[in-house]
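J.: If you read the sequences in order, they're chains B and X. Numbering-wise, the first sequence is residues 1 to 487 according to the working numbering. Numbering-wise, the second sequence is residues 1 to 642 according to the working numbering.
No wet-lab data here; the hints were simulated from the structure. There's no promise every hint is true.
Residues of chain X placed beyond 10 Å of chain B at every Cβ, according to the derived structure [as the list claims (entries may be wrong)]:
(1) Ser69
(2) Arg118
(3) Ser208
(4) Gly210
(5) Ala218
(6) Ser289
(7) Ala550
(8) Asn562
(9) Lys579
(10) Arg613
(11) Gln616
(12) Tyr626
(13) Leu629
(14) Val634
Simulated coverage check for chain B against chain X, where a stretch passes if three residues somewhere in it have a Cβ under 8 Å from a Cβ of chain X [as the list claims (entries may be wrong)]:
(15) 165–171
(16) 209–220
(17) 231–238
(18) 267–280
(19) 292–299
(20) 460–472
Even for Gly, the Cβ is constructed at its ideal location relative to N, Cα and C.
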Amino acid sequence: MANVSIMTFNILSILPILTLAGFGMIVLLVDILSSRKLGEKNLLAYLSLMGIIVAAILARNSTGTTLFSFNESFAIDNYSLFFNFIFLLSTGLVILISHSYIKREEINHGEYYALILFSTIGMMLMASGADLLNIYIGLEVMSISIYILTGFKRSKLISNEASLKYFLLGAFATGFLLYGISLVYGSTGAINLKQIAGFIADKGSISNPLLLMGMALIIIGLGFKVASVPFHAWVPDVYEGAPTTITAFMSVGPKAAAFAAFLRILMTAFGATHYEWQKIIYILALLTMTVGNVVAIAQTNVKRMLAYSSIAHAGYLLIALVAANDMGMSSVLFYILAYTFMNIGALAIVIIVSQKGDEFIQIHDFAGLGFKHPGLAVAMSLFMLSMAGIPPTAGFVGKFYIFSAAIKSGYIGLAVIGVINSVISVFYYLRIMVIMYMKEPTRDFNPLTLSPLIVVAIVLSVIGTLHLGIFPSKIMEIAQQSILILK
Amino acid sequence: MLNLVALILLFPLIGTVINGLAGKRLKKETVGYIACGAIGLSFLVSILVFCGLLLLPPQERLFEKELFSWIESGSFKAAAGLQVDPLSGIMILIVTGVGLLIHIYSTGYMHEDKGYHRYFCYLNLFTFSMLLLVLGNNFLLMFIGWEAVGLCSYLLIGFWYNKKSASNAAKKAFIVNRVGDFGFILGIMLIFLSFRSIDFTEVFHAASQGTFAVGSFALTLITLLLFMGATGKSAQIPLYTWLPDAMEGPTPVSALIHAATMVTAGVYMIARCNILYMLSPFTMTIVASIGAVTALFAASIGLVQNDIKRVLAYSTISQLGYMFLACGVGAFTAGIFHLMTHAFFKALLFLGSGSVIHAMSGEQDMRKMGGLRRHIPITYKTFLIGTIAIAGIPPFAGFFSKDEIVLESLARGNFFYWSIAIVTSLFTAFYMFRLLFITFHGKSRADHHVMEHLHESPKSMTFPLMVLAGLSSLGGFLGIPGANIMSHFLAPVFGEQGHHTEISGREAGVHHSEGHPYLMMIISTAIAILGIFIAYHLYVKKPELPKILAERFRFIYKLLLNKYYVDEMYDILFVKSLKKISVMLWKHVDTQIIDGSVNGVARLIGRFGDILRFLQTGYVRNYAFYIVLGCIFVIVLTALGK
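Using the sequences provided together with the hints, build the complete structure.
T.: Quick look at the structure:
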């Protein structure tokens, strides 16, 4: 254990994380010290936003560096940087859409923002984790905050139920992950991804069944977090029960973090045994897309529909994982960024249109939105078109990259199934547009849950969705540079 | 200066966005200023860019600017790049210049319309799309512009969508164009398959290096498919039927889209791909023949029409036929030259007819006009200039460009093309002066109600007329034989084949002396004067004669008046029979087999969804059980792999 003695304790490398932690605690303090009247918590939202901006600026300073600190367990590289920006962006957007929503739902408690910030810290740890334990710790930090946030509507049974379900199943799945990690450690003597890779390279890949078993269990644990079928059953119930802002939050950030860890573990540690995991992920991808899309058709609740849609999108991302080539890896990064904009944007519209107590979130409640509030309807249509993968939106380009990556690696069948799934998905995305524009309004939509902040979030999402759809090459280039470290 | 090229596109787009989003709340004047200002700025930048092009030495006059690359995947690269060369340089000047005049005219013509902002939003969008079409440096961008102008054309033909005939005409235009566009996109796909690129420079370079032999099957197919697109957009046989109906749109729209710019897109496209076309002689013969036949065919229909705009519509089809004839015999310069002069005088004629219609309180039937020359003198004078220009009387613009085509059709083509060109020229002079005489001369046949409201149009409408009249008078001097500025300017694009009639004529073995062109000029002038004389005799001297002639040649008259019954034929051949087949397919195949299977699949998916939803029990113990099942599955899979 010679290397333990030379601890590289580089505090600067975790400066963005420390910043977020600091701001999270300041938010808690301010909340306690200020009067506890509802409706005066604007300050907390601004503080949290400031924390995110400061963290983003600090993170930006490390552009282009590749650095391993804390005994090679923490990686600062373009890859983690790209994901950190996605996390910060999604968290920022969620805070923007939260402000008016938590007031409406009377859950305007200070720890709301603090927990979101803490959860983001967990995500950043996962993306930077260069060994399995660090990734595991990140995952726990992220998840525990979200368990609490899911049940944040304390007086609502459905919210409590969602929280408990998520917690129980999450703990169950984490058990698999941890067991997998210990099996891998047991068979290789290492938790560091590079050392595991080195061990496999020395000994040959399939020599040890325990190692493979460990890898399979890790895939199951992370498969739960990215909501792949058959580990997805929690998703609809939890997404529906959680406050809508938290639905937006957990459909993007944690999923991105899980994919970040997934990709890094599979490519860096188990790159040599890719035949082994490719066939597992192949089947998971197939099931995930198909189940997600097919069941989404049967939904009448917009939040549940978007929950299944998010399962389906995870399925597309798994295709890129199967492809395991440069284009596949970079398209994961691109697609998650695209998904951040379109999904948070769509849920922001759901928040605006719904009423106190999350009323009016059935699909038919959108009837006539196109006549009453054309601006909102246009934005929603854009997000739906993007999710369905129709140009010139981000979703189209993302799917284009993913499917061409699959074709490049020879998985033509999987790409074809992906395209068929896209076609199925068009049905339920366009149904929302049909209802918005072709059905007479049944209600007057008032009062809208509007605030300047949520408008900013929607405008940003629209710009992002269009920008990535029309000028994708620049971001794709950055994504391609970011994944170089994995090889 | 060339770097400014993107601004040419940007201004009309900004105009569209502003008028589209906020036009409803703006004052009419503001909407007009924004729309005209956008095109005006675009025109100014076009002039700058054009000057920048002139400053370069002739052989280096090709400027490409890649704005951004959209998608790259393997060998497929879709980039948004613009290209300025002499050909697109001329086109942007025509589009923005004529476009600006028509925008100004529209502020007067559309002033009372409720959809004022919507109109200008579409018009700006059209200009943007047309500029995209001519500036794009690859086939994909050209196709996007191609489709976008089609969309704008649809929106503007059906601008008065409450009118059944207008919305029908819009649909007809859109559907007929679909047939052509289908060929066009197949052609582009085939280009990508053959050349592994859709970039103009790369494709044309490869083609000029002899990648494909002259007359090879691939090239012939590509060029034919592209030409199929051109017949749709540029209203040639057999896809011309939509253009006369398109006159349902506001008259300035007819002037801009269905005379001066959009319909010339096909000619532009063929001129752009001249290298490909020169390599496929078979296609060239088809292009020339279709052009020639269309020219004559449409002109003959124009002889007897009574609706002032319909005469001009058939005249447009006929003139486009001339341009295709020129391209088909390899005289691309002549084609583009005629495209330009035609843009001037046809825009003038359409706008003039708009001014007439405006004065006549919306009347379009020439039989109810007459004697207007005293009431609307400016319109009359400018219209007269336009008529002389199109009839081909020297030294007006149409003379030089048409004469060059007539000349080339003999020098590079054959006697057959030449005789059709000459007969068409006779017809053209006749029907245009017939229109002029019936409308402006003689006694008024309008009812006194209309006569009371008779007035000259406002300045905003007469000013563009005067400018266009000036251009129609003088535009021809850019291409006078001996000092052909056009042909020298376009030489880098069309290479050696595009000009020097004499040389190529000799190469082709056609024997003619230097004096020959002048003889030709005299012949065509004489023909034009003959046409005018006949029209004068029939409609001014002896106005009772046309009726007698119509009686005597009843069959021909009816045939022409009913446009050879082509619409009816298409109706029986395609529309009715397709409808019959469709109904049959619908009743039997669709409802039973397809609907059955689609509904079956949908039901199956739905059933599947229901089953899966049934699994969503809400009990944590069930969910955990699924995880365990999944876990067993994954482990078994891993174990099996060993």
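J.: Each hint needs a verdict: does it hold in this structure or not?
T.: Okay, the hints, checked on the actual structure:
1. Its beta-carbon lying about 5 Å from the closest one in chain B, serine 69 (chain X) breaks the requirement of being farther than 10 Å from that chain.
2. No beta-carbon of chain B comes within 10 Å of the beta-carbon of arginine 118 (chain X); the shortest separation is about 15 Å.
3. Every CB of chain B is more than 10 Å from the CB of serine 208 (chain X) (nearest about 30 Å), matching its label as outside the interface.
4. In this structure glycine 210 (chain X) is separated from chain B by more than 10 Å, as the shortest Cβ-Cβ distance comes to about 32 Å.
5. No Cβ of chain B approaches the Cβ of alanine 218 (chain X) within 10 Å, the least distance being about 25 Å, so the stated non-interface status holds.
6. The Cβ of serine 289 (chain X) sits about 39 Å from the closest Cβ of chain B, beyond the 10 Å cut-off, so the non-interface label holds.
7. Every beta carbon of chain B lies more than 10 Å from that of alanine 550 (chain X), the smallest distance being close to 52 Å; the non-interface claim holds.
8. With a closest Cβ-Cβ approach of about 41 Å to chain B, asparagine 562 (chain X) is found to remain outside the 10 Å limit, as its non-interface label requires.
9. Taking the minimum C-beta to C-beta distance to chain B, about 26 Å, the non-interface status of lysine 579 (chain X) holds against the 10 Å cut.
10. With 10 Å as the threshold on Cβ separation, the claim that arginine 613 (chain X) sits away from chain B is violated: the shortest Cβ distance comes to roughly 6 Å.
11. Not every CB of chain B is more than 10 Å from the CB of glutamine 616 (chain X) (nearest about 6 Å), against its label as outside the interface.
12. With a least beta-carbon separation of about 5 Å from chain B, tyrosine 626 (chain X) fails to lie farther than 10 Å from that chain, contradicting its non-interface assignment.
13. Consistency note on leucine 629 (chain X): stated as away from chain B, yet its beta-carbon is not over 10 Å from all of that chain's, at 6 Å minimum.
14. For valine 634 (chain X), the condition that its CB be more than 10 Å from all CB atoms of chain B is violated, with the nearest at approximately 5 Å.
15. Counting residues of the stretch 165–171 of chain B whose C-beta sits closer than 8 Å to any C-beta of chain X gives 3, which meets the bar of three, so the coverage hint holds.
16. With 8 residues having a beta carbon nearer than 8 Å to a beta carbon of chain X, the stretch 209–220 of chain B meets the requirement of three or more and the stated coverage holds.
17. Judged by the Cβ-Cβ criterion of 8 Å, the stretch 231–238 of chain B is covered by chain X as claimed, because 5 of its residues qualify and three suffice.
18. Given a C-beta distance limit of less than 8 Å, the hint that chain X covers the stretch 267–280 of chain B holds, as 4 residues qualify and 3 suffice.
19. Beta-carbon proximity to chain X at under 8 Å applies to 4 residues in the stretch 292–299 of chain B; the threshold of 3 is reached and the given coverage holds.
20. For the stretch 460–472 of chain B, the stated coverage by chain X is satisfied: 3 residues place a CB nearer than 8 Å to a CB of that chain, which reaches the threshold of 3.
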